[in-house]
Amino acid sequence: MADGAQTQQAWDRAGILSLFDPSTGTLDRRVLADEALYRLEMERIFARGWNFICHDSQIPEPGDYVVNYIGEDQVICARDEEGQVHVLLNTCRHRGNALCRAEQGRAKSFVCSYHGWNYALDGKLIGVPGQKAYYRDDLDRTRLGLHKARAENYLGFWFATLDPEAPRLRDYLGDVGRTGLGMICAHGEVEVVDGIQKNVIACNWKIAVDNLFDWYHVPYSHGSANTAGFLDIARILHPKNQMVMLGEYGHAIGGPGIPKELQAQIDGMSDAEREAASRAQADTGLRIRPRAAVELMGPTGVRSMGHPNIFPNLWITLGGLQMCLRLPRGPNHTELWWYTFVPKGAPAEFRRRVVRQAAHVFGPAGLLEQDDGENWSQSTRASHGAVSRRLGHHISMGLGHDEARPAGDGSGAYVESVIGEHGQRWLYRAWTEWMAAADWAELEANHSRPPLGTV
Amino acid sequence: MATLDRSRPDAAALDRMLLQHEVEQFLYAEAALLDARRYRDWLALLADDVHYWMPIRRTMTSAELDREFTRLGDMAYFDDDREMLEMRVRKLEAGSAWSEDPPSRSRHFVSNVRILETAGDEVTVEACFHLYRSRLERDIDNWVGRRVDVLRRTPDGLRIASRHLFLDQTIILATNMSTIF
Numbered sequence: 001m002a003d004g005a006q007t008q009q010a011w012d013r014a015g016i017l018s019l020f021d022p023s024t025g026t027l028d029r030r031v032l033a034d035e036a037l038y039r040l041e042m043e044r045i046f047a048r049g050w051n052f053i054c055h056d057s058q059i060p061e062p063g064d065y066v067v068n069y070i071g072e073d074q075v076i077c078a079r080d081e082e083g084q085v086h087v088l089l090n091t092c093r094h095r096g097n098a099l100c101r102a103e104q105g106r107a108k109s110f111v112c113s114y115h116g117w118n119y120a121l122d123g124k125l126i127g128v129p130g131q132k133a134y135y136r137d138d139l140d141r142t143r144l145g146l147h148k149a150r151a152e153n154y155l156g157f158w159f160a161t162l163d164p165e166a167p168r169l170r171d172y173l174g175d176v177g178r179t180g181l182g183m184i185c186a187h188g189e190v191e192v193v194d195g196i197q198k199n200v201i202a203c204n205w206k207i208a209v210d211n212l213f214d215w216y217h218v219p220y221s222h223g224s225a226n227t228a229g230f231l232d233i234a235r236i237l238h239p240k241n242q243m244v245m246l247g248e249y250g251h252a253i254g255g256p257g258i259p260k261e262l263q264a265q266i267d268g269m270s271d272a273e274r275e276a277a278s279r280a281q282a283d284t285g286l287r288i289r290p291r292a293a294v295e296l297m298g299p300t301g302v303r304s305m306g307h308p309n310i311f312p313n314l315w316i317t318l319g320g321l322q323m324c325l326r327l328p329r330g331p332n333h334t335e336l337w338w339y340t341f342v343p344k345g346a347p348a349e350f351r352r353r354v355v356r357q358a359a360h361v362f363g364p365a366g367l368l369e370q371d372d373g374e375n376w377s378q379s380t381r382a383s384h385g386a387v388s389r390r391l392g393h394h395i396s397m398g399l400g401h402d403e404a405r406p407a408g409d410g411s412g413a414y415v416e417s418v419i420g421e422h423g424q425r426w427l428y429r430a431w432t433e434w435m436a437a438a439d440w441a442e443l444e445a446n447h448s449r450p451p452l453g454t455v
Numbered sequence: 001m002a003t004l005d006r007s008r009p010d011a012a013a014l015d016r017m018l019l020q021h022e023v024e025q026f027l028y029a030e031a032a033l034l035d036a037r038r039y040r041d042w043l044a045l046l047a048d049d050v051h052y053w054m055p056i057r058r059t060m061t062s063a064e065l066d067r068e069f070t071r072l073g074d075m076a077y078f079d080d081d082r083e084m085l086e087m088r089v090r091k092l093e094a095g096s097a098w099s100e101d102p103p104s105r106s107r108h109f110v111s112n113v114r115i116l117e118t119a120g121d122e123v124t125v126e127a128c129f130h131l132y133r134s135r136l137e138r139d140i141d142n143w144v145g146r147r148v149d150v151l152r153r154t155p156d157g158l159r160i161a162s163r164h165l166f167l168d169q170t171i172i173l174a175t176n177m178s179t180i181f
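Line by line, the protein sequences give chains X and A. Numbering of the first sequence is given in the working numbering, commencing with residue 1 and proceeding in unit increments. Numbering of the second sequence is given in the working numbering, commencing with residue 1 and proceeding in unit increments.
So here's chain X without its partners, still in its complex pose:
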């Protein structure tokens, strides 16, 4: 366990901003290990931001619910009889017991197993045993509904925030966040495949998040998948055609990009021609996006074949086939929840192929992810040594060598270059700004806009 001085330290604005130096790419390792910073993250990042909760297709019918988390606050996401979706803290207003103890299900109402308080699907307190006999009718049920998060949806993806001052979800996502979710829907409407893979990695949540922008680690960390013949790294890496998109509030996308000249050729193709070309290169697993994709992803985003992250912790991968939520569980543990998507009403054979492929790549038994977890946990562990933790992490690749340009359709910027660490730097810069701001007003006033010019 960390010493008292470390856990007790109160972090002021200057102290927090000093934890990452964007001019050198130096990250203080306490960001990955400090207990007090972790507690502050729960307040200033997770309770403040918009958190992915579920996809429409997970709760199609009235009474359907799933349980998820906003940081360490457990929430129930339920659809009521009118079809409205509510995100409610899973804690009884009487003595705090959890209402739902299953991960998902169907309910008429939520009854507390402690004293039987009964809540409607929208969180209203509708029944209290002994209301008359014991409370003598001296209990205002209207004030004791379940605590409600603000819930909004974009393209069928439900997000929630516990901060009444947060901007609307659409504005929070901005161009880059919307491009990320658009990537999942670029080929049409989708549904979640039944079964969310969940496992715990002994790592700080941010080291898992920043890795999704890291295309430098692929040939080395995942070399064994290449040797085994599972993955042709040379075909997926495109080390010289990398595109990083930087969005407001810390959203970013990093990975291979389709060069402008190639996109110009694609733009000249009909949807039927794109489908035929996709089938011809079926072995890469990537499909050329249809014409309509540009409306969801924007003129620059549509060229991205990389990994979006919706700040703070929602990774979209495999060209929009899967999504991974990284849920913090103390500074040293992270739960990974994997969601897999298929086109709505996809033929069984296609669906089977997609699902098996997804199971083989990521998740705890996935041929790629097996090796990631070990790297992340060792990096986290080495953030606790008295001297080790004084050594910064060096996230300087490409710094000062690239040019950020406006993405052309809003506030986002993009960088086209070789493999670099622009995405990771953007993440940690945003993290310091979120952590240093006392509330949304301060964050709005003091956060970095996507940069233009040399980055």
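By construction, these hints were calculated from the structure, which means they are not laboratory data. Treat the hints with care, as some may be off.
[To be verified] What the simulated footprint calls covered on chain A by chain X, stretch by stretch (three residues with Cβ under 8 Å from a Cβ of chain X suffice, anywhere in the stretch; the number is not a length):
| hint | stretch |
| --- | --- |
| 1 | 48 to 59 |
| 2 | 75 to 81 |
| 3 | 167 to 178 |
[Claimed, not checked] Chain X side only, calculated, beta carbon under 8 Å to chain A, not exhaustive:
| hint | residue |
| --- | --- |
| 4 | 81 |
| 5 | 82 |
| 6 | 198 |
| 7 | 221 |
| 8 | 225 |
| 9 | 237 |
| 10 | 359 |
| 11 | 374 |
Computed from a predicted model, the values in this text were never measured in an experiment. Quick reminder that beta carbons are idealized off the backbone N, C-alpha and C, glycines included.
We have chain X; now place chain A onto it with these hints.
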């Protein structure tokens, strides 16, 4: 449950005992191969059409236990054919499978072996398993569950035609599942 009358040897009962013994010895030998990391020898015990599957288990209320496990075709932790299992072994042999290098120390326990059905050349076997993994300095993983194997009799001996693994954990309390169950 059939009981043995020791005074009158019963041919059918003896047959059942021999089969039980044969199946148990096969499963123990297989477990020993995995613990010794003799993956090539292990692959030789698989039928060409093997299906190796571990569905996702969810914490559900008793009213909805029929949805506790994901169904075949939906998401799973393992959903492998022979080609995929060979891929896993090639990865383990690559010399750069970092999650297994240094290698984990594993112990495969198989118990409560029950023959559920014999049909033609196939035997359906239910067993409890406990896979213990010790990794690096202090990492310990314990996976416990129920397993249903279909073993097929071939001229070369028994072969695993399918293995369905039903874990007792819902959230997997491990960094990865880089070992073979």
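Exercise. For the stretch 167 to 178 of chain A, do three or more residues have a beta carbon lying closer than 8 Å to a beta carbon of chain X?
Worked result: holds (count 9)
Exercise. Are residue 81 of chain X and chain A close enough, Cβ to Cβ, to be under 8 Å, as the hint says?
Worked result: Status violated, d = 19 Å.
Exercise. Hey, does the residue 237 of chain X contact hint survive, CB to chain A under 8 Å?
Worked result: Violated, because the Cβ-Cβ distance from residue 237 of chain X to chain A comes to roughly 16 Å (cut-off 8 Å).
For this session: Answer holds if the nearest beta-carbon of chain A is closer than 8 Å to that of residue 82 of chain X; otherwise answer violated.
Result: violated (23 Å)
Exercise. Against chain A, with CB atoms and a cut of 8 Å, does the hint on residue 198 of chain X hold up?
Worked result: holds (4 Å)
For this session: Against chain A, run the beta carbon of residue 374 of chain X and see if the smallest gap drops under 8 Å.
Result: Given a least distance of 5 Å, the restraint on residue 374 of chain X holds.
Exercise. Going by Cβ atoms only, is residue 221 of chain X closer than 8 Å to chain A?
Worked result: Hint on residue 221 of chain X: holds, closest Cβ of chain A at ~7 Å, below 8 Å.
Exercise. In terms of beta carbon proximity below 8 Å, does the stretch 48 to 59 of chain A have 3 or more residues touching chain X?
Worked result: That given contact holds, which follows from 5 residues of the stretch 48 to 59 of chain A lying within Cβ reach (below 8 Å) of chain X.
For this session: Go through the hint on residue 225 of chain X and say holds or violated, using the shortest Cβ distance to chain A against 8 Å.
Result: holds (6 Å)
Exercise. For the stretch 75 to 81 of chain A, do at least 3 residues have a Cβ located nearer than 8 Å to some Cβ of chain X?
Worked result: Since 6 is at least three, the answer is holds.
Exercise. Do the numbers back the hint for residue 359 of chain X, that is, is its least Cβ distance to chain A under 8 Å?
Worked result: At 5 Å from the nearest chain A Cβ, residue 359 of chain X passes the 8 Å test, so the hint holds.
Comparing the model with each numbered hint stated earlier shows that hints 4, 5, 9 do not hold.
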